[in-house]
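Please construct the entire structure, taking both the sequences and the accompanying hints into account.
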Amino acid sequence: MTAPVKEPKTPVRKPGESLPKRLTRHQLFIPLAALALLVLFNLIADPSFFAVTIKENSLGNPVLSGNIISVLDNASELVILAIGMTLVTASSGGQDISVGAAMAIAGSVILRMVCGGQVAADTLYMPLFLAVLIGILVSMLFGAFNGALVAYFKIQPMVATLILFTAGRSIAAWINNNQLPIMNDISFKYAGTFLPGIPVPTPIFITAFVILLFWLTLKFTNLGLYTQAVGINANSSRLNGLDPKLIKLLTYVILGMCVAVAGFIRVSRSGSINYSRIAENIEMDAILAVALGGNALSGGKFNIYGSIVGAYVIQFLTTTLYKYEVPSTALPAYKAVVVILLVVLSAPVVQEKLAGIKKTPAKTAKEVS
Amino acid sequence: MSRGIAVDKQGRIKERAAMSDTNLLLTITVVVFFVLYLSAVLFLGGGFAKPQNFLNILNNNASLIVLACGMSVVMITGGIDISVGAVTCLVCMTCAVNLERQGGNILTVILIGLGIGLAFGVVQGFLVAHLGIQPFIISLAGMFFAKGMTTIVSKEPVRVTNEGFLAVKEIRITVPGLGSTNKLGEYIPAYVEVGVVIALLAVVLLFCLLRWTKLGRSFYAVGGSSQSANMLGINVRRTKFLAHVLCGLLAGLGGILYFLHVGSGDVANGAGDEMNAIASSIIGGTLLTGGVGNVAGTFFGVLSLNTIKRVVSSLGFDEAWWSNITVAAMLCLFLMVQSVVLLRRNKK
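Chains as they are written, first to last, in this note's numbering: chain A, 1 to 369; chain B, 1 to 348.
Just to be clear, a hint being listed does not mean it is correct.
Residues on chain A that point at chain B, a partial pick, calculated with CB under 8 Å [said to hold, decoys possible]: (1) 155; (2) 167; (3) 174; (4) 331; (5) 333; (6) 339.
Below, in silico cross-link-like pairs of lysine-lysine (DSBU-like), each with a Cα-Cα straight-line distance of 30 Å or less [unchecked claim]: (7) A:154 with B:309; (8) A:323 with B:155; (9) A:323 with A:219.
Please keep in mind that the hints were generated in silico from the structure rather than gathered at the bench.
Quick reminder that beta carbons are idealized off the backbone N, C-alpha and C, glycines included.
Here it is, written out as structure tokens:
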């Protein structure tokens, strides 16, 4: 098994199938259609939504600003989480709901490292990359904890991660003795805001780098293939010589790494942390991104590009809702409705009914257990 | 989903085996609770020895008892519902706004509470049972929906000043024989709030429902193995649907009891209660995989959980975050124990 993994870009073409049908059957159709719908809505409602201007930021550097830049910038954490969440979903058939709390832990660890335990620090206590590295390691440990509960103790993923979901923000507060450290060194904020002299927000670059990393990993290793094999049928993958438990654990550790990067970007934006509010409700968005990307939430085949597009769609929706002055606390209600609609539409029963209406043969085999 | 049940193709034998599981786990829970409480009395003494302190655990957790029982019912059928805490919050806020701004009374409060709970139960039950969607996803969405709706109803905390409501809230029911004399030699009777009576009533009713009715038995059968239940002629979808409706209704009732206890609507009400309810159910011997569980165990689970919380805070770890960490640690411990027991059983 040395062949690189190839995602099925388009389903096998059946003879006599028309072009529109081939298009709608493509996995990226739903997220791209949703994106197009949002773009169209904003174009009609207020074309100035897409205006990109150059402003001076607080340091006096000219930087790009506008809703589109803000979507690309603010979606960074979500995109990175969605990639990890896709792998976890594919391998274990469940989702990690502790990502928000784990981001709080990673952010707290990184802040504690750079502040050296002080409440407010003006200079870095240790080199930034070392602090981030420690943050990533701690986060991977927590990921391994979740993964071990899921893989070795066979607890449903969402219940297993419920433990960290509850305790995570408390652990984050405990790491810093319940103080709220503030990092004033400007170089700490480079990762979350702008590098000097570059007008594009740094998180966009970090996200692009992470996407590239996963693209290369999936292209040149068997991670994707093995993850799908375990997700589709753990028993038969074991009979084929894979270790399903180890692979499940691995995906959770990878998610832990993604969580740490996302947490670093988040604390780097402001140089401070609020344990109960940082990355609040982001687990919901991450799961939504995976579902929107056309991935089965019950595991099996996956497409990380779908999840990435899904994450940008969600951020687009959020920014649009903000523009029309929907209060941020009410956002979960709107998103919950979208989630319910999505899962209802992708439910096998509903799909069968829809297929029955169209008088087409049953839907292509989707790994729904 | 058939893990956790002695594997046998015949329904009767399977069910009897499930009951012995239930009784075993129930016994463990009760023993754990008494050992916990007695050692607290022995080593920490003072506060724990007073009967009123024990009754205060009940007073503070009447709503949690009801929520956890609802959770147990869903878990017995093999599902889960994590929206109950947020539903509690929504019920509190809506009731408070109704009383304060729309001139409601205690009757409308009860109707609103049960109505909201029922609505959540019916929608979630339909999606889970008839469309076959994972209960966790649906109730996660339900949880966020309820959270968002709460802030749409009112962002600011609402304090209730309605006299009729406060009169009900202040009802104290004296428990004979448990009072104590204070330093001045006056006798102070021990009391429970009216919510505790309702909660205990709900526990007894649910216990009877699960133990002796056809519906109750079919909950166990569906959770044990929905396939065999189907072959026995049980309507699996309807049973799952009813379990979610029951859980939603109890979440509404729990919301009313929470509201009766705190007397205000606040977006922080019931925060983390879904977690407490799941933890209580699991500590009480309900298996996540379904088919095994008992509301009496859940009741003791709530007591154990809150005893542990009190012990932790009286040991000096009284910062707010320790409570969450304790719950999570206890849940983790019991989950692992269950999992190990199940894995061993399956190997036999």
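Quick rundown of the hints versus the structure:
no. : hint             : verdict
1   : 155              : 6 Å, holds
2   : 167              : 3 Å, holds
3   : 174              : 6 Å, holds
4   : 331              : 7 Å, holds
5   : 333              : 3 Å, holds
6   : 339              : 4 Å, holds
7   : A:154 with B:309 : 28 Å, holds
8   : A:323 with B:155 : 20 Å, holds
9   : A:323 with A:219 : 39 Å, violated
When each numbered hint is compared with the structure, a violation occurs for hint 9 only.
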